[in-house]
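Enquirer: Take a look at the letters that make up each chain.
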Amino acid sequence: MTNSLLAVAVSTPSMALRYAAAFFLVIVGIGLIYALIRLGGTLGSAEKLLTDVDTEIVPLLKQATETLDGVNTELDKVDVVMSSVVDVTEKVDQTTRVVESAITVPAKKAAAFGAGVSQAVSSFFNRGSDAGEPVADDEGPSSGASWSPPAGYAPAAAAPSPAADEPAAPSQATAPPSAVTTPDAGLPPDVGSATDASDETPVGGASPAPGEVSGG
Amino acid sequence: MKLWGTLVFGAVLGGASVAYYVRERSRATGQSYVEVLRQLPGEARRGYGEARRRAQLAIDDGLRVARVRERQVDSALVAAAPRDGDPAV
Numbered sequence: 001m002t003n004s005l006l007a008v009a010v011s012t013p014s015m016a017l018r019y020a021a022a023f024f025l026v027i028v029g030i031g032l033i034y035a036l037i038r039l040g041g042t043l044g045s046a047e048k049l050l051t052d053v054d055t056e057i058v059p060l061l062k063q064a065t066e067t068l069d070g071v072n073t074e075l076d077k078v079d080v081v082m083s084s085v086v087d088v089t090e091k092v093d094q095t096t097r098v099v100e101s102a103i104t105v106p107a108k109k110a111a112a113f114g115a116g117v118s119q120a121v122s123s124f125f126n127r128g129s130d131a132g133e134p135v136a137d138d139e140g141p142s143s144g145a146s147w148s149p150p151a152g153y154a155p156a157a158a159a160p161s162p163a164a165d166e167p168a169a170p171s172q173a174t175a176p177p178s179a180v181t182t183p184d185a186g187l188p189p190d191v192g193s194a195t196d197a198s199d200e201t202p203v204g205g206a207s208p209a210p211g212e213v214s215g216g
Numbered sequence: 217m218k219l220w221g222t223l224v225f226g227a228v229l230g231g232a233s234v235a236y237y238v239r240e241r242s243r244a245t246g247q248s249y250v251e252v253l254r255q256l257p258g259e260a261r262r263g264y265g266e267a268r269r270r271a272q273l274a275i276d277d278g279l280r281v282a283r284v285r286e287r288q289v290d291s292a293l294v295a296a297a298p299r300d301g302d303p304a305v
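Line by line, the protein sequences give chains H and Y. For the first sequence, this note's numbering assigns the number 1 to the initial residue and increments by one for each residue that follows. For the second sequence, this note's numbering assigns the number 217 to the initial residue and increments by one for each residue that follows.
No lab work stands behind these hints, which were simulated from the structure alone. Only true hints are included.
So, partial list: chain H residues that the calculated Cβ filter (under 7 Å) puts toward chain Y: (1) THR104; (2) ALA111; (3) GLY116; (4) ALA120; (5) PHE124; (6) ARG127.
Simulated restraints on C-beta separations: (7) ASP93/H x ALA292/Y: 18 to 24 Å; (8) VAL105/H x SER233/Y: 39 to 45 Å; (9) ARG261/Y x PHE113/H: 28 to 34 Å; (10) THR96/H x ARG268/Y: 44 to 50 Å; (11) VAL224/Y x GLU100/H: 54 to 60 Å; (12) VAL105/H x SER242/Y: 50 to 56 Å; (13) LYS77/H x ALA292/Y: 44 to 50 Å; (14) PHE113/H x ARG262/Y: 27 to 33 Å; (15) ARG262/Y x GLY114/H: 30 to 36 Å; (16) ILE103/H x SER242/Y: 55 to 61 Å.
Note that this is a predicted model, so its numbers are computed, not measured. Every residue gets a Cβ at the ideal spot worked out from N, C-alpha and C, and that includes glycine.
Work out the full structure, taking the sequences as your base and the hints as a guide.
Expert: This is how it looks when you write it as structure tokens:
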């Protein structure tokens, strides 16, 4: 009897612990079952989502691939067009340069030729008027002004005259102040204003050389 | 026939010109027509030489002015050329 009581007394906490453990296990089992049920639902949703993605995204990717192929084709065409545009631009540039050179060079020569002929004619007839009677001042910018040869000028055909190399002698007739001018007197204003200093001729020497014979 | 016509016309024109020159020269100098005619070759040679001299000087002057003008046009073209950074027209 004592032994049985002792056994009951000793085993009472153990039984309580066993019941508690059983209750705990039952609770944990119920929780696990609930979690597994929720996990199964979630996995079902994920499977459905993956199925939808598989059925919808793949065609979209195919369409995107086709679109990119088309874009690449168009870009290739644009590249060809751009190459043509570059070629055309280069040709236009070359043509512009050729036209520019073809226009500017003759224009420059024509301007120089016109100025030279004008000055030559003016010098020719003014030199004639030097030897003869004076020319009225109202005939133009270069008329009525005697011409003096440029500095350092030595006529090749004519004999060397002292007037070309030396300043005018006091005995020689000097031109009046109104008749004294520079070789640029017959030029347009822009021509005369931009003449270099080296081209300037000292004022004076308006009368012809003593050895020269006046015309007429 | 056409050549002869041209020659006759030229001869008439030249003769008239010489006659006019002789008359005017005689009036201006008081010399007789014969003296003016006798001086005519010398006057012609002098006039030819003077014209050559004046033409040579005029050509040199014209060449100098033409070079100046060409330099000016060159400068104007260089100044008018677009530089880097200028806005495109």
